[in-house]
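What follows is each chain in one-letter form.
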Amino acid sequence: MLNDSDQQPQQTSTLLVRRIVIAGIMVAITVLLGLLPVGGFIPFPTGVNATTLHIPAIIGGILEGWPVGGLVGFFFGLSSFLQAASPLFKDPLVAIVPRLFIGVTAYLAYAALKRVNELLAVGVGAAVGTATNTGLVLAMAVLRGYMNVNLAATVAVTHGIPEIVVAVLITVAVVGAWHQIGRRSGGSSV
Amino acid sequence: MKRLEFLRYATLGQYLPGDSRIHRLDPRIKLVAFGLIVAAVTFSNAYLANGILLLAILLLLGLSRLPLGYGLQSARLALPALVILALFQLVMPARQFGTGATCAIIWQWRLLQLTDCTLRLIVVSTARLIALLVLTNLLTFTTKTSDLATGVEDLLAPLQRIGVPAHELALTLSIALRFVPTLALQMERVVKAQTARGADFGASSRFQVIKTTRRLLPLLVPLFVGGLRRSERLALAMEARCYTGGRGRSRRTRARAGLTDYVALIAVGAFCAAMWVIDFGALDRALWLWLAGAR
Chain A
150 MLNDSDQQPQ QTSTLLVRRI VIAGIMVAIT VLLGLLPVGG FIPFPTGVNA TTLHIPAIIG
210 GILEGWPVGG LVGFFFGLSS FLQAASPLFK DPLVAIVPRL FIGVTAYLAY AALKRVNELL
270 AVGVGAAVGT ATNTGLVLAM AVLRGYMNVN LAATVAVTHG IPEIVVAVLI TVAVVGAWHQ
330 IGRRSGGSSV
Chain B
123 MKRLEFLRYA TLGQYLPGDS RIHRLDPRIK LVAFGLIVAA VTFSNAYLAN GILLLAILLL
183 LGLSRLPLGY GLQSARLALP ALVILALFQL VMPARQFGTG ATCAIIWQWR LLQLTDCTLR
243 LIVVSTARLI ALLVLTNLLT FTTKTSDLAT GVEDLLAPLQ RIGVPAHELA LTLSIALRFV
303 PTLALQMERV VKAQTARGAD FGASSRFQVI KTTRRLLPLL VPLFVGGLRR SERLALAMEA
363 RCYTGGRGRS RRTRARAGLT DYVALIAVGA FCAAMWVIDF GALDRALWLW LAGAR
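So the sequence lines, in the order shown, correspond to chains A and B.
Per my numbering, the very first residue in the first sequence carries number 150; after that it's consecutive.
Per my numbering, the very first residue in the second sequence carries number 123; after that it's consecutive.
If you're looking for bench data, these hints aren't it; they were derived computationally from the structure.
Don't be surprised by glycine CBs; every beta carbon is placed ideally from N, CA and C.
Mixed in with the good hints, there may be bad ones.
As the list claims (entries may be wrong) - A short, non-exhaustive set of chain B residues, derived as facing chain A with CB atoms under 10 Å:
{"#": "1", "residue": "L190"}
{"#": "2", "residue": "V302"}
{"#": "3", "residue": "S353"}
Unchecked claim - Away from chain B, derived, C-beta distances all over 12 Å, residues of chain A:
{"#": "4", "residue": "V265"}
{"#": "5", "residue": "E267"}
{"#": "6", "residue": "A322"}
As the list claims (entries may be wrong) - Now the stretches of chain A that chain B is said to cover, found in silico as 3 or more residues with beta-carbon under 8 Å:
{"#": "7", "region": "168 to 174"}
{"#": "8", "region": "235 to 241"}
{"#": "9", "region": "248 to 256"}
{"#": "10", "region": "268 to 274"}
{"#": "11", "region": "290 to 304"}
Hey, can you work out the whole structure from these sequences and the hints?
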């Protein structure tokens with residue numbers, strides 16, 4: 150974790166107040182990006198738009214650990230289920246279940262590589278989190294019979310790879326910026 | 123300039139005040155019923171079952187006395203996605219859908235083929251989509267978001283003993299709902315500032331993925347960093363006020379389920395159980411045979 154060296158709150162609760170609050174704000178960003186005409190998607194050559202909505206779950210996981218990542222992912226899934234206008238995501242098994250794991254795998258990849266190089270770890274975390282999203286959603290879509298394996302593999306390549314590029318760019322920029330702010334202000338945020 | 127007024131887009135859970143039976147139901151009961159019906163819709167693969175579910179949901183919409191247009195809102199937006207799904211299925215049909223039986227080819231032309239599985243997939247997912255769209259609209263139009271958040275917390279409370287962080291989940295949800303408009307305003311300010319300096323967030327070429335992303339960075343980084351800074355402050359403020367989690371906290375108002383609530387719950391439960399138990403696949407086949415015979 151990048152920014153908690155200065156805070157040691159004593160909590161009996163399973164999730165610290167700070168973690169709950171950060172999770173809440175990340176969920177708010179997810180929902181907001183889904184509603185706005187700008188920022189929630191990137192137009193792709195394939196004609197379909199790539200999402201950036203899973204990035205708060207990745208950032209939540211990397212900054213505050215897997216419980217926050219899982220929580221943000223859950224609410225991302227829920228909001229994508231509630232707002233979906235396509236049959237694929239109106240299925241809770243496709244919309245919600247795979248999303249639980251985005252922040253978790255992103256955190257695990259980040260934690261494994263953190264000692265090697267912080268920014269590399271953030272980038273790999275973002276890539277792994279995005280791959281988890283694309284991979285598990287498509288696997289679920291195949292399992293539930295919406296797609297056959299060939300179509301899913303095609304989508305994985307045409308969509309998954311550019312989505313990874315987008316997620317890595319944004320996550321590294323955000324975590325890098327946040328990290329610097331923490332250092333400059335000496336840990337105080339008021 | 124109107125595109126930049128982001129608060130306009132930040133509408134969530136558009137509650138429409140009313141005094142129908144559905145409006146007055148206990149939010150906890152409404153959530154459980156919602157979950158049950160969603161499960162029934164999700165796991166039904168037969169034509170007849172989906173038809174019945176759709177009718178039942180439209181009946182609920184009638185009970186809520188919402189204008190039909192509101193309930194069906196966004197179903198129109200779903201149309202392109204449905205057409206794309208159908209076209210994909212014609213070129214690359216799913217091997218099996220629902221029943222697990224092999225698919226019989228109904229119609230074939232060069233590379234295109236329509237099997238009975240494909241037909242079922244298209245019809246059933248259309249019905250499912252409309253059913254769930256109406257159902258989610260029904261829930262959010264008749265229930266306040268604050269009631270939903272407390273309802274979720276109350277429902278999950280018994281699970282707290284086995285380690286489910288019910289209070290934390292509900293608090294996360296309330297914070298998220300509270301901060302959507304705040305962050306929308308913050309983002310609006312950033313976008314306007316960037317636009318004033320000549321930034322262009324309009325349409326861009328589909329072939330410049332990295333360039334488009336980099337153009338969004340001056341927008342997304344302040345959004346995230348501002349949000350994180352806000353959460354630091356909020357967490358500090360909560361800790362300064364000795365907030366220590368959900369244990370022992372009480373609430374000013376408490377929902378109380380009455381007779382009608384339980385009757386509604388039992389009715390929905392019985393209906394969903396029936397949908398689960400009845401073998402609609404067999405009924406579908408019987409219906410086909412009967413239709414074929416009648417012809």
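* **Numbers of the earlier hints that this structure fails to satisfy, in rising order** => Going through the list in order, the structure violates hints 1, 6, 9, 10 and respects the others.
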